[in-house]
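Undergrad: These are the residues of each chain, in order.
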Amino acid sequence: MTTGPQNESPHEPQHGRRLFLIWLILALAADLVIWFIWYPHMPPGDMSDSARHQQFDIAVLAVSAAPVIIFVLLYFTYSIVVWRVRPGDEDDGEPIYGNTKVQVSWIAGTTVIVLFLFVFGTVELVGPAGAGAGEGPAPIWKLAGTQSAVWAPGGKTMLDVQVIGQQWAWTYRYPQFGGMESSELMLPVDSPVTFHVTSLDVIHSFWAYQLGVKADANPQVDNVAYTTAKSLGGFTVRCNELCGIWHGAMFNYGHVVSQAAFQTWASGVQSKEKADGILAALPAYALTYDPTVIPQLGANLPKVDGITGAAGYYYPPSDPVTP
Amino acid sequence: MAIETHQDQAEAAGSGPPLGGHGALRPWYLRPGVHLGVVGAAVGYILGHLLGNFLSSAYQQNALSDSNDIPIVLGYTFATLGWLAGLGVFNDLGRQILGRPLLAEIRRGGSEAGLSKYFRYTLDHKVVGIQYLYGMIAYFLTGGLFAMAIRSELLSPSYHLLGPSQYLMVVGEHGTMMMMMMSSVILGPFGQYFGPLLIGSKRVAFPRIEALGFWLTPAAYVILLSGVLFGGFPTGWTGYEPLATQATAGEDSYFFAFGLMGLSMILAGFNMIVTVINYRAPGMRWSRLPMFVWSMFTVSFLQVLAVPVLVGACYMGLMDRTFQTAFFTNQLGGSSFLYEDLFWFFGHPEVYILALPGFGVISEVVAVFCRKPLFGYKVAAAGMLGVGILSFFVWQHHLFDSGINPDMRPLFMLTTELISIPTGFIYLVGMGTFWKARIRFSIPMLFALAFYFNFLIGGISGVFLSDVPADTTEHGSFFVMAHFHYTIMGGLIFAFMAGIYYWLPKMTGIKLNEKLGKLHFWTMFIFFNTTFLPLFALGMMGMPRRVFEYARNLETLNDWVSISAFCLGGSILIFVINFVMSMLFWREPEVGNPWRARSLEWQLSSPPPPENFKRVPVILSSSYDYGVKDALPVADLNPPPGVIGAAYAGAPGVPAGLEA
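Line order of the protein sequences matches chains A and B.
With the numbering used here, the residue at position 57 of the first sequence is 57, and numbering never jumps.
With the numbering used here, the residue at position 574 of the second sequence is 574, and numbering never jumps.
Just so you know, these hints were derived from the structure itself, not from any lab.
Don't take each hint at face value.
Computed list of lysine-lysine pairs in DSS-like fashion (alpha-carbon distance at most 30 angstroms, straight line) [unchecked claim]: (1) A:101 to B:436; (2) A:101 to B:629; (3) A:101 to B:378.
Since this is a predicted model, take the numbers as computed values, not measurements.
Start from the sequences, fold in the hints, and give me the full structure.
TA: Given below as structure tokens:
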């Protein structure tokens, strides 16, 4: 097994061609499996348009990554099988210091892949209006929809939902329904939704997993994210940024319902809260709240089952509040 | 420069200004050392605490936190100073300020027999390397035990073993211990020990700074652990504000220890840069510099440039907690975004401070056991520099969903993806070196192969995280956790293990048991992957980091991961047993050049003599010239007198007469 200075002796197999053929078959097979069998089941699912875009991105990345992983692993496996030292062989290998062709094509290849992924990622970020990610207080990539003071079923009116994080609960306010608030997140199907995510104390992160929405809840910041729910059903909301001892317990569930059902629910809650005096007691709807100057702080707010007055009731941070 | 080139002086015992004292040593308990350091730390803590109580007795407590932290922070400060004073760090400084001659005691450390030099402020870089080695293993095992506690809690989807605050304490201690202490896991033991050896130098540029860098690590370690006494800190290793301002007294330990370790990193980096630039032996051109030295050199720049930002952030955090500044409190005009920016501006170079030394070790190991020159040496060096430079321009990818500057996300997506090009060079170099090689499966080589496997998965999953839409699902979930455990544990720690099996015979003259070593490798490789591969799936299925309550349908997978993690812990235990038994009891000598390596350190005795080289060596060829017929030896270890002087002839600053 001694190879002389000549590069390709007649007995030496054509390692390059062999590797390429095995790689081509494996990579094709892997990509077909990923695209046609795995893709439809990939997280986070297809419940909303932002989730669909994330799923598509993950699938495209997987299809691009699989050939690279297979290439590297195949190469190392091949070399440790073919070029492992035989017992008694004390020789050194051929002194190859480099190969300009190989190096240049490697660099060119990786650059092309990287630039493709960059262009692809940017298109996928700008096109679907941030793809469900938090875009700060003044997003430049906006979701299409009419802004209106009232929301009604049937139209293309944007539904505004304010998400308020606090240790350790989520509260949702609906400014188009008199600023009523709820501890469960209800969304109408097929309606564009704007989330205004903010926090009363520390940094939280609003993660509606199946909706493909994730936006940090920062105190004194209005972080905007968009989505449009595409199918009915329940979804999970979790806090995704460490926010203190009950961070793990800071989750609840939301529902996507039909537009008519949503209208009924929202108006119902609104009139109930009005009747109970909660709407009057809550601070006026604003994009951010400063808990240290909320006038009702510490006041004895009326409480109704299933509806917390989070925006008006601020837990002192050292209180060991159990969920 | 003068010290290294002046043959006669360099061969005489020690160098530099004349030594004072009487030559005779004081009794051991009066000489500075760990025991006096502990006394100093205890006295310092009490003094600082009393001073803090005195200063802040009438001080209004922090509006957000319910504790008065001034006595604790001052206690930590004075304890650190007392610890260093007891170790004798300030002795030379004081004597020089007073104009008195320096004591011989510290300087003699390198040639001192026995173990006591390892417990003192010793200025020999090889002693410091050994100190780092034992320190790092201890820190790593401590962090690992915390990981075992985390996985025990995650056996069930609700809390059963640790309470919520205990759980976060364990998570924070694990994360911070690993991220801050392990930044020096290769840089400390191998960088300090082999950096000078590999460039043909007798010493590092600033031995006092180097030793100080090490002796800050035990202080940081103890202070970080002391957070447990105050209930720990609930912020994980990132210490996000304003949670950190709100947290109880344990948070002080986080900021103080991280800042202290930051100082240690800056000092180590500073010393390494100057050493590599100025202390290379004649003939050690930049184009012959071993890849490990390149990695140390690059990492040192990252440390010197990025870590001060962390030290600043920690300082501001402590000020917020004690003296009620409001750098990070939004309601008072500060910004929690500022902390996120500062932390990640350090934090992303930090992960390359962790990764690059691994690349260096692996490059050395691969060339030796492939018996081939490193493929594309210049590409490898360029890759390290490229990663180092780009790592300063990617930090916002940790904040894609945070709402900071969201319009710049495409730019940070681009820089993040660009960094995979120079990172890919490490694979180009590795794969090129494997081409038609004579691969020998020694234990270091096995770890190197595992490094390529693990780091590949870690790196590719990083590309998933760089894509903003995909990141919206993955950010902050177990996917991220799996990703950085693959790069840091699978990359750095595997490289560290490769380094231990490769270099321990050189450092101690003793080799580790091979059978146990192979068992250690295979269990570690298998259980590492069975532990961390499922975490990608868990994250994709919606499990956020740092929670102990998770969805019921994820319980089976979490149990699998926990059991694998315990097995991984068992594998590390095999390593510890092997290490302890081999070093203390079996003591199988390995003094020659067992790997038939060409590099400079293996041309010396094991362990190398106190001053490394009798004369400054002249480097004749690259250390990677395997398989080259009639290759010159890597260096002439005993060059005829005059050669060194001639090499520097005409160079500015060389004393006249040296050319002779």
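Undergrad: Looking back at the numbered hints, which does the structure fail to meet, lowest number first?
TA: none
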